[in-house]
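With chain A fixed as given, assemble chain B onto it according to the hints.
These are the residues of each chain, in order.
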Amino acid sequence: MGTTINPSALTREQQAALNNLRGVLGRQLRPASKTDPTLLAELILQNALLMRENGLASELLDYLQRVRDKVEAGNPLHARLSIEMAVTLDAIDGQQQTAGELFQTTLAWYQAHSLPLAEGQARIAFGRFLIHRSQLEAAMAQYQEALELLKDYPAETAIAQSEIGRVLVGQGKFSEAVSRFEKAYALSSGDGKSTVRLLNDFAAALIELGEMERAERLLHEGIETSTQQGLWLVRANLRRQMAYIYHLRAEKLNDAASAQPYLDEAERLLHQTIAEMLPLQNTLDLAVVYHDLGRIETQQRQFAEAEANLRLSLKLFQRLGNLRNEAVAEITLGTLMILKNGDIAAGNEHLHRSLQLADKVGDGFTLRQAAETLTRLHQLQANRAKTQPREIRIQVIDQLSFSRAKLVDYGLPEAAQVMTSMMTELEAL
Amino acid sequence: MSHIFVSYSRRNLTFVTQLVKELQQAGLAVWFDQISIQPGDIWEAAIEKGLKEAIAVIVIISPDSMASEYVRKEVNFAQESDQLILPVLYQPAQLFLNLQTIQWVDLSSETVYPANLQKLIAVLNREPGLSGNSTTPPEEAVAVDDTRKLSPTLLQRYLHVVIFIAEQTAGHLAWRRLAGSISTASQLHTGAQALALTRLNPPTVSRLTALLATSPSAQILHLICRIENDVFFVEDEQGRDIELSIGDLARILQRSPVKVLVIQGLISTVGIQKLLEQSSLQAVLTIGASGVAQQLFDEHFYATLTIGKPVQEAYQTALNRVGIDDTHDFQLVAKQDAVLLDYPPIEKRAVQPIIDPGLPPMRNVPINPDFVGQGQSLLELGEKLNDSRQLMIYGLSGIGKSWLASEFISRYGWRFSDGIVWVQVSEQTRAEDIFNQLRLLLELPLSTPLVELENILRQRRVLMVLDQANDWGNVAELSELAQFISRLDPMGGTRVMLTSWESISGLSDMSGARDLTLVEMQPADAETLIQKLIADHDLAAEFEDKQVLRQFVEKTAFTPWLIKEAIRAAQLDGLEAALEDLETLTADTTRLFEHHVGEQYQKLPAPTQAFLRQLQGLSDGFDRRLVQAIDSQSREHLRQLIQRQLLRREDRLYTIPPTVRLYLRQRYPLSEAEQDTIDQQVIRYWVQAGGAK
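Those protein sequence lines, which keep their order, are chains A and B.
Sequential numbering of the first sequence, starting at 117, is according to the working numbering.
Sequential numbering of the second sequence, starting at -19, is according to the working numbering.
Among these hints, one or two may not hold up.
Unchecked claim - Some chain A residues judged to face chain B by a derived CB distance under 8 Å, without partners named:
no., residue
1, L134
2, L137
3, R143
4, N163
5, G171
6, A189
7, N191
8, H194
9, Q376
10, E392
11, Q397
12, L402
13, E421
No wet-lab data here; the hints were simulated from the structure.
Ideal Cβ positions, reconstructed from N, Cα and C, are used throughout, including at glycine.
Isolated chain A (complex conformation) (with noise of 0.2 Å):
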């Protein structure tokens, strides 16, 4: 009988196992324990991410400080459950200082002793926390300090590597990105999670500066290393991309006849990527496929699909209170109702709630956009307006003047510049 797959963020089995682990760490770190504390150490380190991941921070750190206090001050076991406890407290809200604090007093320790595999993991951890804090520079010091330390180690310096591919891709710098990666993947074991996350790293890169088939092949080395591995969504994510770049493809050709197999191909992959993120409980990455598809829809002029999937998108947003996803939703619904039968109105009300959400939000980049969107919008109507009775053109006057209103609350005054040039050449007439 064929089965049926559905992962979720933890399965039964390891729900379990975490189970079970509490009630040995809860029994085994009582002071009277005779247990080896060497060993609860190793069993705390190894599970920690597993804690951490699954909300029980909090419960992680009173047991990595009870073993702690059972290990010798001078043992690197000591030091390497500091940097876990640096790590832990970086994930509690309000206790970013004493990590920051326990991250440095550890790594001092580590420059006093000759253990450069520790300190360099050390680092690694510490540079993710400055990257938390956005302090880039101060990271890719820490990096590459781990670097030096790491040469010896090819599976850790991939790891380095590719943490400063991110930053640089951070910093727009993709060539220089593309180096690191490259030397990341030349190092890796090829499987496991920190792999499949460099691939994806390594193409979105790629596409960048345009190395579109060297990207389709990470891609495609992703999605069978993310299926070996049963990372689902990690998987249909890597889909997503590889849809992007069918559809940037597309973009690049003039003429429709030829960009339409690519945009077909782009839809087939977000379709698939759907069908993948459907039994995941991760609405958001659904919701922004369910976009993506939208988007491809309208440009295909294929407007009933375009807006059931663009307003389920939107739904999915709003549930998640997801407002900066939602604003750039109610643009391209907005731009699709004008599309679809030129419908102003319903188009206007969406970029007025898309640039009352950006916003809400402070996301100025969306707020930009909605307005740019609206600016055409009026423009499309004034154009009509034109030739239109007197009374017609009152009301699009009204309506440009409302919108200038606006835009000038929301601190774009070039955008309601432009209001009033059509205003005035409509008054004109």
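Only chain B this time, still in chain A's reference frame:
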């Protein structure tokens, strides 16, 4: 070797040679007689071999090819062998009948040739075995975790089957069986059209009407409900029976996209004719059989439809697979000779089959396939939950509290549109664990403050079930949970359901809390359950004597858990022994479970008893490798414990039932030293294995 076979007329050789060249340039393996037949090969035998080994067959459409007997034979062979057939239009022509339902790729003019060639290559590239990256087997079906996430446009890429289940006694089982059949059907043919199965919840007439009006993709409606004298019994929103006549159903289906109605149950021939005449249906299939035969039939019926065959052929194939000559149990009546379903164009076909149970997102909700009866308790439970934020279900061990809660969810879970969380309470459970489960359900960051979580819950409809709440170990944690529940809006949509065998101080006495005490089943329901289990366990011969059956029913004290156990004992130790066991057990109905567990425990060999006592040292479930670290003979022990129902197994996870754990704790508690030994064995195993996962 795996390749594409090209079926064509020699008169179109120039066009075909060019096409083959381009396909080969795209990296595809093409068998083409002009290049693949070596000097000295016997021409006809070589063609036959080339065709047999092909994965896909491209048929070049032209007046010449459609007049060719060779091409006709090759197409027939490809169809019989379930090979993927891809007609390519070169010149318009009258098609063979078996090509008429298959979407062609138009390469007839220079304008469309380049773009459509890419489409053809894309389709062929997806075919397993034809290119380097497409060796994957047919995709497994995935279960949709939240019905609200499914877009109707997505379903247009599927062969879409809607299932409507209003079967009160065995609805969940029927759903599981059909979902399993569809899942299997999806994997029987390579390159087949993917299936989508969506369950309609709630199973009401208005919901069905609304769905058919808005879902153009639904071509098959699979109906499972009680049928009496051509009247269908469906439900209202509260789960009460509503009658639906043949005429009513025909009206609903009048302007719907549904072409085939599958009815699980029998209706009269007149009724079938009326349905066909008064609706847009093309065929009605009634299934009178149940169990394995029905499942096998469903699998092959749907599998055959996925490869584009007419409904009649799917029906015949399924009948052949079941091996039944008598068609009384499976009757198909159709309006025309070959009813064909609509399929999306090849390049738009979905790959991954999907199964949508029509439910909101759920976390850790157990499945209970054997529920029967207790319909009144279910309705009562629903009503009480409607007007109170907290409901306690009380009852003796084994009376079926968890069964009732899980059945309530499978039947009425749709009422909680934002999701359902099930927490199996243990000594380790902390209030924060439950809050985290809620955060995960609502896809909130785990760092979301409790106050914010409470605010969000006020606007949502969530059901939280705390099963075996009496096992809660920590008073402070319990108090934190009680405070959390007290802050939930009594007028809001979020509800808490708890099961317990006794009242829990701090929770049971909360203001506004309501309760439901579960007692044994009605005798008639108990008998229905027993009959069902007799059939499932193939014990009909043992229960042939009605007197024995009556005796058996009475001795089970109408307790669902005991019924299941006794049936299992009858299968394992024989009916006589099972009756004897029941005799001893029911002497004291207040301590049924304790007696039963004790009996089963005593029947175990001493080393297995010792092994079970050790297992209580683990707080939760475990896999085989973990217990292997505790006892190298664990495989045999596990087998015996499962057989005696002292251990449960779901996939790779073994768990000790709460009542067995309680029995062990009371009778054979572990000493501190014993617990330490087990912990140390487990720690060593985990460290060696690289973690507890």
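Going down the list of hints, with the structure as the test:
The closest approach between the C-beta of A/L134 and any C-beta of chain B is roughly 7 Å, which is under the 8 Å cut-off, so the hint is satisfied. Interface hint at A/L137: satisfied, since its Cβ lies 4 Å from the closest Cβ of chain B, which is below the 8 Å cut-off. With its C-beta approaching chain B no nearer than about 6 Å, A/R143 sits inside the 8 Å limit, and its interface hint holds. For A/N163, the interface hint holds, the least distance from its beta-carbon to any beta-carbon of chain B being 5 Å, beneath 8 Å.
Against a cut-off of 8 Å between C-beta atoms, the interface hint on A/G171 holds, since the closest Cβ of chain B lies about 4 Å away. Hint status for A/A189: violated, given a least beta-carbon distance of 23 Å to chain B, over 8 Å. Violation of the interface hint for A/N191 is found here, the shortest Cβ-Cβ separation to chain B being roughly 17 Å, above the 8 Å cut-off. With a cut of 8 Å, the hint placing A/H194 at the interface with chain B is violated, because the nearest CB-to-CB distance is about 18 Å.
The interface hint given for A/Q376 is met, as the beta carbon of that residue sits about 5 Å from the closest beta carbon of chain B, less than 8 Å. Restraint check, A/E392 versus chain B: the minimum CB separation of about 6 Å is within 8 Å; hint holds. Given hint, A/Q397 at the interface with chain B, holds; its Cβ is 6 Å from that chain's nearest Cβ, closer than 8 Å. For the restraint placing A/L402 at the interface with chain B, the shortest Cβ-Cβ distance is roughly 6 Å, inside the 8 Å limit, so the hint holds.
A hinted interface residue such as A/E421 counts as satisfied when its beta carbon comes closer than 8 Å to some beta carbon of chain B; here the least separation is about 4 Å, so the hint holds.
Taken one by one, the earlier hints fail for this structure at numbers 6, 7 and 8, listed in ascending order.
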